[in-house]
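Take a look at the letters that make up each chain.
4 protein chains.
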Amino acid sequence: MSYRDEKLSEEKVFKDPVHRYVHVKDRVIWDLIAAPEFQRLRRVKQLGTTNLTFHGAEHSRFNHSLGVYEIVRRIINNFQDRPHWNENERLLCLCAALLHDLGHGPFSHSFEKVFKLDHEYFTQQIIIGDTKINEILERVSPGFSQKVADVIAKTYEDKLVVSLISSQIDADRMDYLQRDAYFTGVSYGHFDMERILRVMRPIEDQVVIKSTGMHAVEDYIMSRYQMYWQVYFHPVTRSAEVILSKILHRAKYLYETKEFTFKLKPTHFVSFFEGDVDLKDYLKLDEMIVHYYFQLWQEEDDEILCDLCERFMNRRLFKYVEFNPNLQMDDWLELYKLFQQAAIDPDYYLVVDSSSDLPYDFYRPGEEEERLPINLLMPDGSLKELSRHSDIVEAISGKKRTDHKLYFPKDRLNELKDETLKKRIKEILYAQGAKEDVE
Amino acid sequence: MSYRDEKLSEEKVFKDPVHRYVHVKDRVIWDLIAAPEFQRLRRVKQLGTTNLTFHGAEHSRFNHSLGVYEIVRRIINNFQDRPHWNENERLLCLCAALLHDLGHGPFSHSFEKVFKLDHEYFTQQIIIGDTKINEILERVSPGFSQKVADVIAKTYEDKLVVSLISSQIDADRMDYLQRDAYFTGVSYGHFDMERILRVMRPIEDQVVIKSTGMHAVEDYIMSRYQMYWQVYFHPVTRSAEVILSKILHRAKYLYETKEFTFKLKPTHFVSFFEGDVDLKDYLKLDEMIVHYYFQLWQEEDDEILCDLCERFMNRRLFKYVEFNPNLQMDDWLELYKLFQQAAIDPDYYLVVDSSSDLPYDFYRPGEEEERLPINLLMPDGSLKELSRHSDIVEAISGKKRTDHKLYFPKDRLNELKDETLKKRIKEILYAQGAKEDVE
Amino acid sequence: MSYRDEKLSEEKVFKDPVHRYVHVKDRVIWDLIAAPEFQRLRRVKQLGTTNLTFHGAEHSRFNHSLGVYEIVRRIINNFQDRPHWNENERLLCLCAALLHDLGHGPFSHSFEKVFKLDHEYFTQQIIIGDTKINEILERVSPGFSQKVADVIAKTYEDKLVVSLISSQIDADRMDYLQRDAYFTGVSYGHFDMERILRVMRPIEDQVVIKSTGMHAVEDYIMSRYQMYWQVYFHPVTRSAEVILSKILHRAKYLYETKEFTFKLKPTHFVSFFEGDVDLKDYLKLDEMIVHYYFQLWQEEDDEILCDLCERFMNRRLFKYVEFNPNLQMDDWLELYKLFQQAAIDPDYYLVVDSSSDLPYDFYRPGEEEERLPINLLMPDGSLKELSRHSDIVEAISGKKRTDHKLYFPKDRLNELKDETLKKRIKEILYAQGAKEDVE
Amino acid sequence: MSYRDEKLSEEKVFKDPVHRYVHVKDRVIWDLIAAPEFQRLRRVKQLGTTNLTFHGAEHSRFNHSLGVYEIVRRIINNFQDRPHWNENERLLCLCAALLHDLGHGPFSHSFEKVFKLDHEYFTQQIIIGDTKINEILERVSPGFSQKVADVIAKTYEDKLVVSLISSQIDADRMDYLQRDAYFTGVSYGHFDMERILRVMRPIEDQVVIKSTGMHAVEDYIMSRYQMYWQVYFHPVTRSAEVILSKILHRAKYLYETKEFTFKLKPTHFVSFFEGDVDLKDYLKLDEMIVHYYFQLWQEEDDEILCDLCERFMNRRLFKYVEFNPNLQMDDWLELYKLFQQAAIDPDYYLVVDSSSDLPYDFYRPGEEEERLPINLLMPDGSLKELSRHSDIVEAISGKKRTDHKLYFPKDRLNELKDETLKKRIKEILYAQGAKEDVE
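So the sequences go chain by chain: A, B, C and D. So the first sequence is numbered by UniProt numbering: it starts at 1 and just counts up by one. So the second sequence is numbered by UniProt numbering: it starts at 1 and just counts up by one. So the third sequence is numbered by UniProt numbering: it starts at 1 and just counts up by one. So the fourth sequence is numbered by UniProt numbering: it starts at 1 and just counts up by one.
Cut-off 30 Å, straight-line C-alpha distance, at most; resulting in silico cross-link-like pairs (DSBU-like, lysine-lysine): (1) C/K423 - A/K210; (2) C/K384 - A/K426; (3) D/K7 - C/K410; (4) A/K210 - C/K399; (5) A/K410 - B/K12; (6) C/K265 - D/K265; (7) D/K399 - B/K399; (8) B/K280 - A/K252; (9) C/K265 - C/K113.
Quick caveat, the hints were computed from the structure, so don't treat them as lab data.
Chain A on its own, in the form it takes in the complex (with noise of 0.2 Å):
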């Protein structure tokens, strides 16, 4: 039997408290799992610094991978003998699944940000560069990596097999959302998977969803919402995102700086400070080698490093209050100006995030991250886009909604000797009636 079509003796399930169990019959999925680059996501946590929010979200990117894997192999299952369904890209599906997020590193959010990284590229790059995961998927034919790197790219010809792993309702998408309400706690992110899996349906180029299925649909999209605004973007996690951007800008500063030398040098990330990461160095960068330096950088020679990293490590975040950049632009000169008075370097210290969420949209091409929209399948077997047959979907659809904060140590400001000075920044930062005690 060739190396593609060789099954396990017996079928291995691994115990997931999302799905109660991933099955796994297929010798190169077995082998992929084993792989170091895919054992390596164990080191990456699926929602970085969420943690610091949500305790119970401890859970890493390996997790994740294999949830998103069983759910494509369950709808594969039920796509088996429909019409438009290719038994052949079987495989294939289930590789691209399992293999989505490879190329994730730690915390990405911040040091794709910071060091101008893209995850989709590393990805791209474990699975057709020099590695196990290459190695065993070209053991299955010459070139199936490149299918597999294709589809994670979006840019493989069958698009229904691209639609399976990324589209406004695929296999990454109602993975995470239940996998983080999970390990978080928090009662949203449920859905009726099941009946999603059962009325979805296999058209030439796209996955499609029977419209008798619409409210379960719905239920999703309003999860989604939810899970987005009540836990992605949480403003405490947001503040340890932000303290984390600052640490990496300022030990690359450092580490540009002729006046400054690290007591250790910092091996591991010399490549990101000089730009010119390649996928060996990459693959070494786990969460686990972050907190390392993190530690040692407390005992460094530089005032705003040390705080940085112990605050990041200690959980001392930044307070926060409402504040629109846009529409306080005065306000926001004059805070830069006092904090530079205070002594308080407000490159480091005194920190705008904005968060945008589109909860669902209907397609517009062109868009930077453009999804396809979610289609019904009417009984007369016409297509129709989500949003023009359901309400509520269509009350959201298209709005973007952002969330505007400022951050800033609130403990420092307490400290300030010049009262006129402190009473200045507190009136500026508690215009808006928030409460000075928010937590």
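Since chain A is already given, all that's left is putting chains B, C and D on it; use the hints.
Coordinates of chains B, C and D only, in the frame set by chain A:
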């Protein structure tokens, strides 16, 4: 208002997936949670290497500690106005519950055995030593930190207080059974805690259970039994523990060997290797740091250390067979020699691991791990030890069960060129009818 | 101690699958639950004919009434010591919560429409009339029963008390959404009630919600929306309701017809048929009794009554198609005639049913089913009506949605011998593209 | 296509709170569910009077029957392509699973004892007699109905098929434990059914369990044990059963008494009283009808019948004390006489009820309720009876436990005017230290 009695202006809650919410109203508790020594528990997993078997089990001791606190808080709430309950002990109970695991280091089980450490000793040190935790507790009242330490050490005079934290049905066990079940996703570990809390009654020197709640307690005992054998002693988890221990042994051995020099000085480990760990060193070594070294040690100039670290990081674990060293001494000796012949160092690659559990025990004073038995409060006011009243508990009471496994790297055996040698080794290993492809 | 303040020697609990436990400590509550008029609620299903669609929905109004009581009990517990809360109203709130549905008869929806009854009227009568319930309430204090009746009628002067029992986020709705979701098994109906209870605050004339809890309330509103369309207005359930109404109509018609005599006198129904129901008659007619008659009526000498009863008992329901009587008046008239031609009495076998829901509404005084809107308590102490603060709620606020269906016995059509007639009827019915084999 | 192989055009699902969805694809199954004899099971509660103790337990046997069908369907799905499994038996298994409880009447336990009936006999009759069910089964193939009856009677030759429906770990038990736990809300009754289904293996004459699944089976056995003692044998439920039996006894006695005439002829009961129940009579008497009579009998001219019916309908149950009739014969005789003296007829108002359970048993041929033991399939292919491998099961195996209670109307005792008599009765009843106010 004194610091002891200070309340937060608004009750704070932590979203907890197990208990739904953890409630904090006392300023002292709030401050303890924010202390660096407590935040450090985020970097120590509750179940060590178990996540290599049950991928969901990535939760930290921080999680569990909040959970124990919450359970004690609820128990005490029910105790208000009951005879025998002294409301003045409330804060002491809450602090002891929150802090009882403070001294746990990374992978406690292995570290303690290899380096002859004791996490309980370090818990005491953190509470009474020069730490932020101690500073907070002493602010409550001079000597208060010692009281907390005494409760955890079970030497505190008020045995009722001690039994809340340490008995055969204490808040510690009730939390970890439920929490570990939740995160692993296994269906064991559930019992009706709400009912148990309702039937707990304080008497002079212990917490007892109204006899009407006996069946809920039986269920708890059975949960414990199942969790031990299904999760805590899972043979795959033990395989990872075995490798971990061998890494520590090897690194210590190399450190002590004149001929060998580490490429990077294992600074964090030095005092561990030298058997001279002080509190400061201890607090610095969390699991993040351990992983950092394990990554680096994969590139040291020692084949065994490299191999073991690589196995641990990439989950290439040892396989196992049933093997009772007491009954199979000859097999053991022969295998040891055969491994030497095969140039697979048996001191590192042929390991017997035995796990034992005593699911429930009536009181046998003088025993090592003596925990108070569970007493039922009968309708006539008398006490009756649980196993005298419950058939099921009686059946398993005092019965120690031991499981012996022999661990070895099957991949290395398969690579052996000497077929006679290979065959003989496998003959012995699989003599008991174990199938060779056991996962 | 007065009866009003009398406590049970030990708190009693009811095991409840939705709230885990229902707690009773007041003697008055205990006695009310034991009263025959309250026990009768065990013989009235909470969801009428819904169990013919969702087989799990066999729970009674007894269940729900205990649940509403329990929720109010928990809310009030949180209110202790809050400004605006008057602890003297406690027992009144608990009684009103427990008894608010006391007047529900069998299949209220259909019975009320056909016989022009009003369960709220009977709730009042049971509370203030000659019943065991009234006797208990008057023992609390003379006039207390009238107060309870007033709270339920929303005429009680303390509007804060009223809003606990009847508002757009009252204990009634919170219980039935969760309970009906639990018993049907649908995944809708879940929201974080524990959080909502935590953020409820009493003010002068109503219960408001701290704005930090807005998202939990959004989730509750969405649950309500989904439950209405997925469960309460399910077209199969409505099919059973249609048949039930037609049975009652037919029986009444036959009773009024001189030529017809029932084999067994429908004693329990007489006063209903004659439009002269007193409290005693009303209390006797529970769902058990109704079923008894429906069984017997299958053997009466009227084809229509027999057929309809047989359909109801054996779940041979009518099929349905989308049909808007306002837009399809001509179709309606033609169908009516065709049915007559086919000798299928259209007055019983061709039925339009329309269901409407208003998911949430801001306050429009003078409207029929006026319920208080939900007000958020902002950080600065001001109130803000929910739909002004929540995008989602705003989107669905005040939007009435109506669903029209036409019901008919498809089996009878299929049996038609006149093929032209059959064909024409089906042409009209399935003109809108509905598939014929709809279940 | 033959009727036997006919599939529905689209799979139908029933939303089930326990198994999430019940899936039906076979036309035969669909038709059986729609048959009047099966729909009748909606009017028979699964747990008789248990809802008077656990108010959630209002679910019907209709529910349970669908559940057993679904479990067997899933087991068989896993069996496809396994050796020993004969796919031709598939439909037979599904039908037997669905119909196994078809003969249950109202409150089977009491009715069977009082009227000497046997629900298994009626199950057989419905399947092979003149019914819609029989008609459907015979359409599959002549003689098929008899095969279904044989499987349920355990006389079918293929013992593998029989063991799916009736063994110590059959689909029947797995469904009711979970279902009854769900509806009562108790925390017992949970076990990992998904895992058990995964480790079930067909062999020649039975279903066995792979030994790796032993702990899941232990958990199932313990669930069963807990459900029996916590739910099924709950003393309050038995109190209602006692009253119910006494009502039936009394009504039969009155019917047989020349001097007494029922105001309303108890038509539905006549053949039961006369010991001459045919299938048609049997099918007519569901729990709705029973309630109708109990309501009416509250107005008959017999004090005992009225009182007992009123107690049953309004849940005014008997109280109970521990009482072992074997050891307390003298007490029994004295109490009997004292009750006579007090004019409380002891034949109706002084009742001993004893419940026994055998949690698990290895095979003892010739025993009354003989069910196949559970066999484990060892790695070497041999079978091992469960209790020989599991400590816990061994501990409780074959141990019959009996609980004796004495029931009586405490309210009547309290009303006694003769204080000496009252005192002496209570002395005997509460001699064992039972508290008088037991609920």
